[in-house]
Structures are given as structure tokens and as C-alpha cells.
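Visitor: Work out the full structure: start from the sequences and follow the hints.
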Amino acid sequence: MNLLELKNKNYQEVSELLDVKDREMLAERFVSLGLPSKKSEEYRYFDVEKLLEKEYKTLNYVPKTPKVSEKIEIVDGVVVAAPQGMRVYKEACQMIDMNHFDPLYYVGHMLCPQTIKIELDGDVEVEIEHKYTQSDTLINYRIVLYNQANRHATVYENFIAEELENTLVLYGYDMHIAQDSTLRVVKMQSMQEKPYAMVASHKVNVAKNANVILKSFDLGGGQALQLIKVDLDTHAHVDAGHLLYLNEKAKRGTVSQIVHIGEHSTSKQEAKNILDGDARGIFDALIRVEHSAKYTKAEQNSKAILLHEKAYMAAKPQLEIYIDELEASHGATTGQLDGKQLFYLQSRGISYIEARKMLVIAFANTLIEQVKDSRHQERIKAAFEEVFYKNT
Amino acid sequence: MSSIMKIENLRAKIGDKEILKGLNLELEPGKVHAIMGPNGAGKSTLSKALVGHYDIELTGGDIIYKGKSIKDMEAEERALEGIFLSFQHPVEIPGVNNAYFLRTALNAKLKHEGKDELNAAEFLRAMKGHLEALGMKSDMISRSLNEGFSGGEKKRNEILQMLILEPEVIILDEIDSGLDIDALRAVSEGINKMKDGKRSFLVITHYSRILDYIEPDYIHVLKDGRIIKTAGPELVAELEEHGYDSIEEE
Numbered sequence: 016m017n018l019l020e021l022k023n024k025n026y027q028e029v030s031e032l033l034d035v036k037d038r039e040m041l042a043e044r045f046v047s048l049g050l051p052s053k054k055s056e057e058y059r060y061f062d063v064e065k066l067l068e069k070e071y072k073t074l075n076y077v078p079k080t081p082k083v084s085e086k087i088e089i090v091d092g093v094v095v096a097a098p099q100g101m102r103v104y105k106e107a108c109q110m111i112d113m114n115h116f117d118p119l120y121y122v123g124h125m126l127c128p129q130t131i132k133i134e135l136d137g138d139v140e141v142e143i144e145h146k147y148t149q150s151d152t153l154i155n156y157r158i159v160l161y162n163q164a165n166r167h168a169t170v171y172e173n174f175i176a177e178e179l180e181n182t183l184v185l186y187g188y189d190m191h192i193a194q195d196s197t198l199r200v201v202k203m204q205s206m207q208e209k210p211y212a213m214v215a216s217h218k219v220n221v222a223k224n225a226n227v228i229l230k231s232f233d234l235g236g237g238q239a240l241q242l243i244k245v246d247l248d249t250h251a252h253v254d255a256g257h258l259l260y261l262n263e264k265a266k267r268g269t270v271s272q273i274v275h276i277g278e279h280s281t282s283k284q285e286a287k288n289i290l291d292g293d294a295r296g297i298f299d300a301l302i303r304v305e306h307s308a309k310y311t312k313a314e315q316n317s318k319a320i321l322l323h324e325k326a327y328m329a330a331k332p333q334l335e336i337y338i339d340e341l342e343a344s345h346g347a348t349t350g351q352l353d354g355k356q357l358f359y360l361q362s363r364g365i366s367y368i369e370a371r372k373m374l375v376i377a378f379a380n381t382l383i384e385q386v387k388d389s390r391h392q393e394r395i396k397a398a399f400e401e402v403f404y405k406n407t
Numbered sequence: 005m006s007s008i009m010k011i012e013n014l015r016a017k018i019g020d021k022e023i024l025k026g027l028n029l030e031l032e033p034g035k036v037h038a039i040m041g042p043n044g045a046g047k048s049t050l051s052k053a054l055v056g057h058y059d060i061e062l063t064g065g066d067i068i069y070k071g072k073s074i075k076d077m078e079a080e081e082r083a084l085e086g087i088f089l090s091f092q093h094p095v096e097i098p099g100v101n102n103a104y105f106l107r108t109a110l111n112a113k114l115k116h117e118g119k120d121e122l123n124a125a126e127f128l129r130a131m132k133g134h135l136e137a138l139g140m141k142s143d144m145i146s147r148s149l150n151e152g153f154s155g156g157e158k159k160r161n162e163i164l165q166m167l168i169l170e171p172e173v174i175i176l177d178e179i180d181s182g183l184d185i186d187a188l189r190a191v192s193e194g195i196n197k198m199k200d201g202k203r204s205f206l207v208i209t210h211y212s213r214i215l216d217y218i219e220p221d222y223i224h225v226l227k228d229g230r231i232i233k234t235a236g237p238e239l240v241a242e243l244e245e246h247g248y249d250s251i252e253e254e
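So the sequences go chain by chain: A and B. For the first sequence, our numbering begins at 16 and goes up steadily by one. For the second sequence, our numbering begins at 5 and goes up steadily by one.
No wet-lab data here; the hints were simulated from the structure. Each hint should be verified, as a subset may be incorrect.
[Stated by the list, open to error] Only part of the chain A face toward chain B is listed, based on derived beta-carbon distances under 7 angstroms: (1) L352; (2) Q356; (3) A377; (4) T381.
[What the hints assert, rightly or not] Below are the EDC-like pairs computed for lysine to aspartate or glutamate, each with C-alpha atoms no more than 20 angstroms apart in a straight line: (5) A:K355 to B:E81; (6) A:K372 to B:E78; (7) A:K372 to B:E96; (8) A:K372 to B:D66; (9) A:K355 to B:E78; (10) B:K233 to B:E78; (11) A:K318 to B:E96; (12) B:K158 to A:D353; (13) A:K355 to B:E61; (14) A:K355 to B:D186.
Every value quoted in this text rests on a predicted model; they were computed, and no experiment measured them. The beta-carbon is built from N, C-alpha and C at its ideal position, and this holds for glycine as well.
Guide: Structure representation (C-alpha cells):
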């Protein structure tokens with residue numbers, strides 16, 4: 016399959032190509048957005064065209080009866096294991112957002128008539144392990160995560176790639192956080208240059224009085240972009256934190272839209288970016304406050320440390336506000352390690368190299384330590400330090 | 005008595021501005037030297053020059069420490085050799101755990117001296133007495149380095165580092181600034197505890213208050229980048245009464 020074939024087609028042609036005549040509205044919305052290119056605002060820093068122009072093998076997503084495991088294991092887009100008693104099954108997605116900004120969100124849905132549905136109907140903690148084994152392949156799957164009312168769930172995501180190359184993964188969540196519930200999603204993705212590239216396109220609906228906490232820890236090389244749209248109802252809250260530690264020729268980051276729809280909704284978004292080598296970090300984040308969202312509180316911040324002269328940070332925090340009754344702030348800084356802090360450590364006999372490491376790790380730790388579970392916090396710290404020390 | 009540190013005709017600038025203009029000073033082992041002087045005289049520049057701060061460019065003269073020049077040494081080498089600066093404004097470093105920082109610094113020194121490094125348990129045992137002596141809560145070492153510390157807590161943390169690292173030349177830059185009486189007493193006791201007849205102290209201060217607690221052996225008046233007078237502790241009273249303008253260069 017070559018996704019470039021979708022370029023400049025009308026919606027009937029797209030429907031026919033992807034065999035989605037029964038869901039033409041998705042094709043219509045996709046066509047109105049257009050296939051991403053370097054001219055697309057949200058993909059401007061990502062070199063998406065190089066990924067789309069390749070010829071990929073496709074897979075048959077044959078559902079299997081999952082074996083019982085402590086975690087949900089998804090191999091090449093198919094659930095192969097799940098915890099006992101957890102409701103994980105295939106179903107057509109009932110909650111596709113027809114106002115998502117990402118065209119590949121619609122491509123993902125068109126390619127996935129059946130999504131993986133995970134129901135979180137208790138106060139649970141679950142690990143989802145994504146594993147990829149196929150080279151030169153387009154791996155495409157979507158997950159519906161449904162957190163029931165008055166429940167408080169946590170999802171830890173991890174990614175593993177076997178020896179493969181030139182694979183493109185298109186995946187994403189449609190999350191529904193029901194009234195008075197809380198969902199925490201902690202994603203840890205340590206990548207290398209070769210095996211696979213990823214576009215993860217998410218939609219998050221946060222109902223009245225519900226909270227969602229999204230923490231992503233993106234480490235290493237490779238090419239990956241997460242595109243997130245969050246809709247906030249009355250008194251809903253999102254706390255998003257993104258840590259990037261990139262090296263080599265990585266191009267990774269976050270493109271997001273947080274939309275305040277309900278009154279008294281609140282959002283906090285914080286990005287910490289550490290870029291080494293020729294890496295490029297992306298933080299293109301919009302907070303939109305609709306007319307209906309009086310008394311919104313919104314806070315957005317990006318900080319980047321460049322460890323190499325060729326490293327580059329594309330930070331674009333934006334506010335789009337249609338009301339007066341709100342509190343909102345945003346900002347972005349890009350720089351190098353703080354000379355005063357470096358000197359302080361050196362003045363106590365700590366070498367320049369060690370002091371530099373301590374400061375970089377400290378910068379990352381301010382986000383990592385927001386992960387409450389100590390086991391997962393340690394796991395992320397260890398992964399970060401492994402990638403960081405390997406590179407230094 | 006031979007000096008532990010000899011500063012010879014030292015010239016230094018920050019940016020294009022020359023601050024130290026041929027400064028001479030000898031620090032004797034076991035003695036407390038107080039540097040006093042008006043604002044802008046070069047007191048903080050001197051302390052930074054001695055520890056190799058990146059802001060300072062040495063343009064002339066030399067700093068001889070234990071018989072060898074250190075003017076081309078990096079800051080960390082000077083620290084490992086036993087030169088310690090207690091900062092006037094210690095920086096906050098969010099995310100760096102205070103205990104981890106202290107142990108890393110101590111182990112760097114132990115390694116430099118060819119001694120065994122301490123593991124976390126050994127280190128905490130070694131710390132306990134110092135914390136109590138300084139009136140520091142034990143949770144202060146589990147917090148991020150200086151983050152959210154009050155002025156007094158930051159200064160106590162500086163003295164804690166001094167006690168742990170056991171340096172040979174101790175430079176105290178405005179150690180009394182921002183301290184209330186109780187904190188001043190605790191900090192002074194920590195400093196006095198370090199007096200062993202071998203270590204030298206260079207106490208940089210605006211005011212005589214700290215000198216009531218740390219008894220100086222010498223008072224040096226620094227003005228316009230040079231030491232213009234050296235005398236015994238009796239000079240403090242004269243300065244208090246007549247100010248720096250009354251001091252004539254010797």
C-alpha cells in the first residue's frame with residue numbers, strides 16, 4: 016500500500032480506494048483536510064511525505080482469543096493477551112470526532128473498521144504493551160479506551176520493536192473519560208533510528224467533572240509524532256506533560272489541541288525537551304477557549320535545552336480565545352544548561368561532564384517524578400538514564 | 005609562618021571592566037582573615053577569582069595555593085584540592101536531590117584523595133551529626149538542592165557542604181546576609197567547628213556583625229580592587245566609627 020495514492024483524490028475516490036463506502040463522511044472529512052505534506056501546519060517539522068511515499072505491506076488483522084496475562088499485549092495491531100476479567104474486544108468505533116485537525120486520524124479510522132475496545136470499569140491499573148515485528152509494513156490499529164463514571168484508572172503504555180525496519184505505525188486512541196472519573200495515561204516510548212516510524216493520533220473526550228492526566232516520555236531516536244485533541248466539558252480537567260529526550264537524527268514531538276468547551280474547565284500542559292545531536296523536537300500546541308467555556312483556566316509551557324549546536328526545537332504554544340472571563344498563560348523557552356547551576360556543582364568538585372549529566376537528569380526528573388507509582392517512575396528513570404548515558 | 009595561599013598582584017576583569025587592580029594577600033594556615041570594603045570594591049570578584057568562576061578573566065598576577073599556581077585550574081580541580089566558596093546567593097537546582105548532590109561531591113573528593121567512596125547508608129550515617137549540629141531538619145537533604153529553601157536554610161546548606169567536604173581554604177562570601185540571630189549563631193558554630201589550626205578562612209563581609217561570632221585574626225580593607233590596609237581585629241571598631249573613607253592606603 017502507498018498512502019500517497021490518497022493525494023488529490025475526491026472523497027468518492029478515497030472511499031473506493033479504502034473500501035469505506037459505508038463511511039463516506041470520514042473520507043469527506045479527510046479530503047477536506049488533505050493528505051499531510053510539509054505544507055501542512057501540524058506536520059511542518061516532521062517530514063511526513065517521506066513516510067507516506069513508501070510502499071508498505073499490509074496485514075490481515077485477524078482477532079485472536081487473548082491469553083490471560085498481567086498486561087494487555089498488542090502485537091502488530093492484534094490483541095494477543097489481556098488480564099483476566101478485563102473487557103477487551105473488537106467493535107466499530109462509535110465516537111469518531113468529525114472535527115479532528117489531523118487527516119491521518121481519519122485515515123486510521125478508515126483503515127480500521129473494527130477498533131480494539133478496552134473498558135475500564137473498575138478502579139484499575141493496566142499496562143498496555145505494543146509490540147511490532149514486521150518490516151516494511153503499515154501497521155494500523157486504533158483503540159477505544161472507555162473509562163466508566165466514578166472510576167479512577169491508570170494505563171501504562173510501553174513500546175517494543177523486534178529487529179525490523181521501514182515500518183510505519185499508524186495508531187491512536189479514542190478515549191472517553193466519563194463523568195466524575197479520572198484516567199491517567201503514562202506513555203513511555205524509547206526508540207531507535209531504524210525500526211519503525213509512528214504517527215499516533217488521539218482524541219480525548221473529558222466529560223463533566225472528569226480528569227485526564229496524559230504523561231508521555233519519548234526517548235531516543237527515530238521519527239514519531241503524537242497528535243492529540245482534547246475536548247473539555249464543564250469542570251473537566253486535563254494535565255498533560257511531555258518529556259522529549261532526543262538524539263541522533265530524531266524528529267519527534269507533540270502536536271495538540273486542547274479545546275475548552277464547558278465552563279470552569281481547566282488545562283495544564285507542560286513540555287520539557289532535551290535535544291542532542293541533530294535531533295528536532297516538536298511542540299506545536301494550541302489551547303482554544305470556546306464561547307461556552309467561561310471561567311476557564313489554561314496554562315501551557317514549553318522548555319527546551321539544546322545540548323548540541325545542530326539540535327533544533329520547534330516550539331509553538333498558542334492560545335485562541337473567544338471570551339474574556341478566563342485565566343490563561345503560555346510560554347516557551349529554548350536555551351542551554353544554566354551556567355550558574357553548572358558552576359555551583361563544579362565548585363563542589365563535581366566534573367563538568369558529571370555536572371552536565373546531573374542537570375539534564377534533573378530537568379527530566381521534574382516531569383518523571385510526577386508519575387506517582389514508584390515502580391513505573393523508576394522504570395522511566397532507568398530508561399531515560401540508559402538512553403542518556405549511552406549517548407554521552 | 006608560610007602562607008597556605010598567596011595572591012600576588014592579581015588583576016581581574018568582568019567583561020571590559022577591570023575590578024581587581026593588583027591585589028596582594030596572604031592567607032595563613034589556621035587564621036581567620038576578614039575582608040571588608042565598600043560596595044563595588046571587588047570583594048565578590050575576589051572570591052569568584054579564587055574559585056575559578058567563568059565570569060572572571062584574570063589578566064595579571066597569580067594565585068599560589070600550597071606552593072603551586074592555580075590560576076589556570078578548572079573550578080572542580082580547585083575544589084578537589086581543598087578550596088571552598090560558600091556562595092552569597094546559592095543557586096536552586098530543581099530535580100537534583102540534595103543528598104545525591106552531597107554524596108556525589110563527597111565521593112568525588114574521596115576518589116581524588118585515593119580513598120573509598122561512601123555508599124548511601126554510610127553517607128547518611130556520616131551526615132546525621134552535621135545535620136543536628138546545624139539545626140537542619142533531616143527532610144532538607146531529601147529535597148531538591150536549595151529549591152524553596154529560605155535564606156537561612158540555604159546558608160546552613162552551604163555550611164553543611166563545608167563540614168562534609170572538609171576544605172583547607174574556606175571563603176565565606178557574605179555568609180551573614182539574610183540570616184536571623186538563631187541562624188547566624190548556628191552557621192557561626194558550624195564554621196568555628198572547622199577551626200583546627202590548619203585551615204584558613206577568608207570571611208568577606210559588609211558588616212561587623214558576623215565577626216562577633218567568628219573571631220578574625222586579620223582585617224583587610226579592600227577598596228577599588230586592592231587591599232589598602234591590613235590590621236588586627238581592632239580595625240573593625242575604627243571602620244564602624246569612621247567608615248571606609250577614613251582609611252588611608254598603607
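Visitor: Is B:K158 close enough to A:D353, meaning Cα to Cα at most 20 angstroms?
Guide: With a Cα-Cα distance of about 19 angstroms, the restraint between B:K158 and A:D353 holds, given a limit of 20 angstroms.
Visitor: Holds or violated: the hint that A:L352 contacts chain B, with Cβ atoms closer than 7 angstroms.
Guide: At 11 angstroms from the nearest chain B Cβ, A:L352 fails the 7 angstroms test, so the hint is violated.
Visitor: Between A:K372 and B:D66, is the straight-line Cα distance small enough, at 20 angstroms or below?
Guide: 32 angstroms, violated
Visitor: Check whether the Cα positions of A:K318 and B:E96 lie no farther apart than 20 angstroms.
Guide: Holds. A:K318 to B:E96 sits at ~17 angstroms (cutoff 20 angstroms).
Visitor: Assess, step by step, whether the Cα of A:K355 is no farther than 20 angstroms from the Cα of B:E78, and give holds or violated.
Guide: 15 angstroms, holds
Visitor: CA of A:K355 to CA of B:E81, is that 20 angstroms or under?
Guide: Measuring from Cα to Cα gives roughly 17 angstroms; hence the hint holds.
Visitor: When the nearest CB of chain B is found for A:A377, is that gap smaller than 7 angstroms?
Guide: This interface hint holds because 3 angstroms falls under the 7 angstroms limit.
Visitor: Are the Cα positions of A:K355 and B:D186 separated by 20 angstroms at most?
Guide: Given that 20 angstroms is the threshold and the Cα spacing comes to 29 angstroms, the pair is violated.
Visitor: Next pair to validate is B:K233 with B:E78; report whether the Cα-Cα distance is within 20 angstroms.
Guide: 31 angstroms, violated
Visitor: Regarding the hint that A:Q356 lies at the interface with chain B, is the smallest CB-CB distance below 7 angstroms?
Guide: 5 angstroms, holds
Visitor: Mind checking the alpha carbons of A:K372 and B:E96 for me, to see if they're no more than 20 angstroms apart?
Guide: 16 angstroms, holds
Visitor: Can we keep the A:T381 interface hint, with Cβ of chain B closer than 7 angstroms?
Guide: 5 angstroms, holds
Figure legend: structure checked against the earlier numbered hints; hints not met, in rising order: 1, 8, 10, 14.
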